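> Chain by chain, the residues:
2 protein chains.
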Amino acid sequence: MSISMYLASGQPTIRTLTNLRAILEKAAAHAEAREIDPSVLVNARLYPDMLPLSAQVQIATDNAKGSVSRLAGLEPPKYEDNETTLAELVARLDKTIALLKTFRPEQIDGSEDKTITLKVPNRTLTFKGMPYLLEYALPNIYFHVVTAYAILRHNGVELGKMDYMGKPA
Amino acid sequence: MSISMYLASGQPTIRTLTNLRAILEKAAAHAEAREIDPSVLVNARLYPDMLPLSAQVQIATDNAKGSVSRLAGLEPPKYEDNETTLAELVARLDKTIALLKTFRPEQIDGSEDKTITLKVPNRTLTFKGMPYLLEYALPNIYFHVVTAYAILRHNGVELGKMDYMGKPA
Chain D
1 MSISMYLASG
11 QPTIRTLTNL
21 RAILEKAAAH
31 AEAREIDPSV
41 LVNARLYPDM
51 LPLSAQVQIA
61 TDNAKGSVSR
71 LAGLEPPKYE
81 DNETTLAELV
91 ARLDKTIALL
101 KTFRPEQIDG
111 SEDKTITLKV
121 PNRTLTFKGM
131 PYLLEYALPN
141 IYFHVVTAYA
151 ILRHNGVELG
161 KMDYMGKPA
Chain Z
1 MSISMYLASG
11 QPTIRTLTNL
21 RAILEKAAAH
31 AEAREIDPSV
41 LVNARLYPDM
51 LPLSAQVQIA
61 TDNAKGSVSR
71 LAGLEPPKYE
81 DNETTLAELV
91 ARLDKTIALL
101 KTFRPEQIDG
111 SEDKTITLKV
121 PNRTLTFKGM
131 PYLLEYALPN
141 IYFHVVTAYA
151 ILRHNGVELG
161 KMDYMGKPA
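Protein sequences, first through last, are from chains D and Z. Position 106, counted from 1, in the first sequence is what my numbering calls 106; the numbers after and before it change by one each time, with no gaps. Position 12, counted from 1, in the second sequence is what my numbering calls 12; the numbers after and before it change by one each time, with no gaps.
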């Protein structure tokens with residue numbers, strides 16, 4: 001089977017969000033076992049001016065739904081960014097994974113040269129579909145997933161790289 | 001231009017290692033300006049049983065040279081893992097980037113179903129080329145690049161996500 005925009009986008013994204021979901025469940029079990037107020041982990045950060053765990057999960061899912069939707073020529077759905085618990089962050093991941101699973105190859109394939117525009121603070125970025133996926137969206141998703149992992153690991157949740165990687169395909 | 005195994009492997013990998021190189025240079029300048037012994041950053045980690053910055057850079061480059069070499073059917077070169085300074089880690093990145101730039105599309109394209117085997121502690125993993133790239137190698141590279149960033153950010157080096165992302169393509 002030849003690589004395609006569909007295979008390079010939805011599948012790895014679903015995979016990393018699914019692994020992040022399991023990581024958050026481990027964090028919830030860790031907090032419960034040690035009687036840690038779960039909001040401590042939701043609000044944890046690696047440095048005072050870095051974003052907390054909740055925002056890392058929110059932005060990872062924003063990039064996930066945003067990238068696949070935009071490659072398909074659709075407006076990504078808006079989420080509220082109002083999660084305050086690990087369970088709510090897990091629900092956000094579930095909602096995003098369910099959305100990603102609705103996309104079909106014919107919606108994404110052939111989007112290599114599609115013009116993608118997205119507004120970021122203070123400017124509008126314009127890409128072609130392939131560099132958008134490979135050099136912007138995927139690195140962005142991994143950035144926030146790994147940062148979420150790092151925040152939890154730094155806070156003593158017992159995680160290893162295999163929790164992030166998931167089972168070999 | 002259609003997405004290909006070549007375009008999905010070498011180019012994003014070169015990009016993220018190049019950005020990591022610039023991040024290490026900022027870390028070196030930060031340490032020098034504040035008279036921090038640079039070995040402090042090289043040996044910094046986010047948790048006592050996590051690997052330090054030096055190992056994050058080593059493993060990121062191992063995965064980078066390993067993945068592209070294996071997709072091309074070549075044995076990846078062995079590096080010594082003896083870097084003890086930021087300058088030596090930058091040199092390792094340079095060596096890896098230079099290697100990645102030698103690969104040509106015809107060496108990598110069509111490797112979707114190529115059997116890839118790699119030894120990890122205690123077992124041998126077997127993949128087909130495409131899931132190896134998309135679900136193992138790239139997430140692995142990003143894991144270590146982002147962890148390196150997180151270690152430096154946590155230690156007060158003034159970095160932002162754009163240092164990790166690099167300039168828009």
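I should point out that these hints are in silico values taken from the structure, not numbers from a laboratory. Don't take each hint at face value.
[What the hints assert, rightly or not] Facing chain D, a subset of chain Z residues (Cβ under 7 Å, in silico): (1) Glu35; (2) Pro38; (3) Phe103.
[Stated by the list, open to error] For lysine to aspartate or glutamate, the following EDC-like pairs were computed, each having C-alpha atoms within a straight-line distance of at most 20 Å: (4) D/Lys101 x Z/Asp94; (5) Z/Lys128 x Z/Asp109; (6) Z/Lys167 x Z/Glu106; (7) D/Lys161 x Z/Asp109; (8) D/Lys161 x Z/Glu135; (9) Z/Lys26 x D/Asp49; (10) Z/Lys161 x D/Asp37; (11) Z/Lys161 x D/Asp94; (12) D/Lys128 x D/Asp163; (13) Z/Lys119 x Z/Glu88; (14) D/Lys26 x D/Asp37; (15) D/Lys95 x D/Glu112; (16) Z/Lys167 x D/Asp94; (17) D/Lys167 x Z/Glu32; (18) D/Lys95 x D/Asp81; (19) D/Lys101 x D/Glu75; (20) Z/Lys101 x D/Glu135; (21) D/Lys78 x D/Asp94; (22) Z/Lys119 x Z/Glu83; (23) Z/Lys114 x Z/Glu75; (24) Z/Lys128 x Z/Asp94; (25) D/Lys26 x Z/Asp49; (26) D/Lys161 x Z/Asp94; (27) Z/Lys161 x D/Glu135.
[What the hints assert, rightly or not] Computed Cβ-Cβ distance ranges for the label pairs, DEER-style: (28) D/Lys167 x Z/Tyr79: 41 to 49 Å; (29) Z/Thr102 x D/Ala33: 34 to 42 Å; (30) D/Arg34 x Z/Gly110: 25 to 33 Å; (31) D/Ala29 x Z/Gly160: 43 to 51 Å; (32) D/Ala29 x Z/Pro121: 46 to 54 Å; (33) D/Lys95 x Z/Gln11: 29 to 37 Å; (34) D/Ala29 x Z/Ala98: 29 to 37 Å; (35) D/Glu80 x Z/Glu88: 17 to 25 Å.
Since the structure is predicted, the reported quantities are computational estimates derived from the model, not experimental observations. Glycine included, each C-beta is placed from N, C-alpha and C at the ideal position.
> Would you mind marking each hint as holding or not holding in the structure?
Now for the hints, and whether the structure bears them out:
| no. | hint | verdict |
| --- | --- | --- |
| 1 | Glu35 | violated (21 Å) |
| 2 | Pro38 | violated (20 Å) |
| 3 | Phe103 | violated (16 Å) |
| 4 | D/Lys101 x Z/Asp94 | violated (39 Å) |
| 5 | Z/Lys128 x Z/Asp109 | holds (13 Å) |
| 6 | Z/Lys167 x Z/Glu106 | violated (28 Å) |
| 7 | D/Lys161 x Z/Asp109 | violated (29 Å) |
| 8 | D/Lys161 x Z/Glu135 | holds (13 Å) |
| 9 | Z/Lys26 x D/Asp49 | holds (18 Å) |
| 10 | Z/Lys161 x D/Asp37 | violated (29 Å) |
| 11 | Z/Lys161 x D/Asp94 | violated (26 Å) |
| 12 | D/Lys128 x D/Asp163 | violated (33 Å) |
| 13 | Z/Lys119 x Z/Glu88 | violated (26 Å) |
| 14 | D/Lys26 x D/Asp37 | holds (15 Å) |
| 15 | D/Lys95 x D/Glu112 | violated (26 Å) |
| 16 | Z/Lys167 x D/Asp94 | violated (32 Å) |
| 17 | D/Lys167 x Z/Glu32 | violated (42 Å) |
| 18 | D/Lys95 x D/Asp81 | holds (13 Å) |
| 19 | D/Lys101 x D/Glu75 | holds (16 Å) |
| 20 | Z/Lys101 x D/Glu135 | holds (17 Å) |
| 21 | D/Lys78 x D/Asp94 | holds (15 Å) |
| 22 | Z/Lys119 x Z/Glu83 | violated (23 Å) |
| 23 | Z/Lys114 x Z/Glu75 | holds (14 Å) |
| 24 | Z/Lys128 x Z/Asp94 | violated (29 Å) |
| 25 | D/Lys26 x Z/Asp49 | holds (18 Å) |
| 26 | D/Lys161 x Z/Asp94 | violated (26 Å) |
| 27 | Z/Lys161 x D/Glu135 | holds (13 Å) |
| 28 | D/Lys167 x Z/Tyr79: 41 to 49 Å | violated (28 Å) |
| 29 | Z/Thr102 x D/Ala33: 34 to 42 Å | violated (51 Å) |
| 30 | D/Arg34 x Z/Gly110: 25 to 33 Å | violated (51 Å) |
| 31 | D/Ala29 x Z/Gly160: 43 to 51 Å | violated (33 Å) |
| 32 | D/Ala29 x Z/Pro121: 46 to 54 Å | violated (26 Å) |
| 33 | D/Lys95 x Z/Gln11: 29 to 37 Å | holds (32 Å) |
| 34 | D/Ala29 x Z/Ala98: 29 to 37 Å | violated (45 Å) |
| 35 | D/Glu80 x Z/Glu88: 17 to 25 Å | violated (47 Å) |
The structure is inconsistent with the numbered hints 1, 2, 3, 4, 6, 7, 10, 11, 12, 13, 15, 16, 17, 22, 24, 26, 28, 29, 30, 31, 32, 34 and 35, although it conforms to all the rest.
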